Amino acid sequence: MQLIQLRHRATCSVCSSKLPPRSEAWYDEESKRTVCPTCQRIAEAPAPAPAPVPGTSSHPRQSLQDQAPPPPVDGAPVEATPVDPVSVPPRPRVTQYRPDNPFEDPRPNREREGLTGEVDEALVEKERLALRHAEVRRLDLERAARAELERAHEAREMDLAAAADHGPRPEQSEVRLSPPLPAPAPEPRPAGNGRRRLKLPQVGPSLAAEVEAKRKLAAADASASSISRALEAARPHGLEIIHSRPWGGTQVENESIVVAPSGIWVVDGIGDADKPVEKGFLGGHAGSELLNVVGGRTSLISGLLFDSPFQRVPVRGALVFEASPPGWFDGPFNLAGIAVTTPKDLIDSLFTPLHLDADTRRRVAEHLLSRF
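Our numbering applies: residue 173 is where the sequence shown begins, and numbers increase by one.
Mixed in with the good hints there might be a few duds.
With a straight-line Cα cutoff of 16 Å, these simulated EDC-like cross-link-like pairs (lysine to aspartate or glutamate) come out [unchecked claim]:
1. LYS451 with GLU404
2. LYS516 with ASP531
3. LYS516 with GLU404
Between beta-carbon pairs, the in silico distance windows are [claimed, not checked]:
4. ALA324 with ALA405: 55 to 61 Å
5. LEU321 with GLY468: 16 to 22 Å
6. GLY475 with HIS415: 16 to 22 Å
Since the hints were made in silico from the structure, they are not lab data.
Quantities reported herein were computed from a predicted structural model and do not represent experimental measurements.
All residues carry an ideal CB built from backbone N, CA and C; glycine is no exception.
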């Protein structure tokens, strides 16, 4: 049996009392028994004196006197009478008084010191592992920050290299622009349900020369949609607009690819002046078709910019109300990554935040036209 300090809750095998953790108990390695200190003290106590025989005195000393031999004769040697150890009172245990802790046992306890050392070693090992984990976490964060900084520097160098490939821009006084070319007539749709890819028309001279000219809307354009009027009015302020033809089989009436200071926008129309957009339209089949059309064209534009100096240019999609906004519309919102807005709010989004300067917008538009 050895005295230990419990790490877990245990039960005394003698009195079945519950022993809490970190309490002292006696433990037997062979029988795997745990005994509380009280039961162990009782077990180690000396056996009680035997009961007196009937007819004799119950006092131990009286019984010894009864069993003592008769007094010796004069002149005979006197033999010492043996003393019963039970009759001797125990001597009081004197402990050393300690002013700092008067209840501490001054006797050393080797087993308790060994157990305390093991607990201290476990705590030190736990602290060491925690410090090592924190150091590894800090190194990972620093490595990720350095990688992000290197990617930012590489993107900046690519932008500077792309800007250095182009010569100085011509002055506005040296360039004379011709009127913009009219948009080609839409090609007839093939018979059947088959669809084919429609080519985008060429852009006007203002895109290539970087000099904006005032475009006068013809009488035929008087009935143009509010989206087209808003884009044409904002064109002299730094927009590069690539018009495309309507997609058959959908409600996309006017689709434009706009290279704006805030990035590239794929703009489609929703609704018309005769029939306002209902509240549940965007959640139905037709609304999902519109969202898929805009999302597909946005992915197409992102693919055209891949592996080019402009692959970091943001590409967004927008559905703009052709007529006045319906009554349920409280303000611009995003649905499946597509902005649902009005022409006025769209113009504000085209210019904020500023990502592309005028020269970069021109080169991005030329790159898109070359890849179509």
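Verification of the supplied hints:
no., hint, verdict
1, LYS451 with GLU404, "violated (29 Å)"
2, LYS516 with ASP531, "violated (25 Å)"
3, LYS516 with GLU404, "holds (13 Å)"
4, ALA324 with ALA405: 55 to 61 Å, "violated (36 Å)"
5, LEU321 with GLY468: 16 to 22 Å, "violated (35 Å)"
6, GLY475 with HIS415: 16 to 22 Å, "holds (21 Å)"
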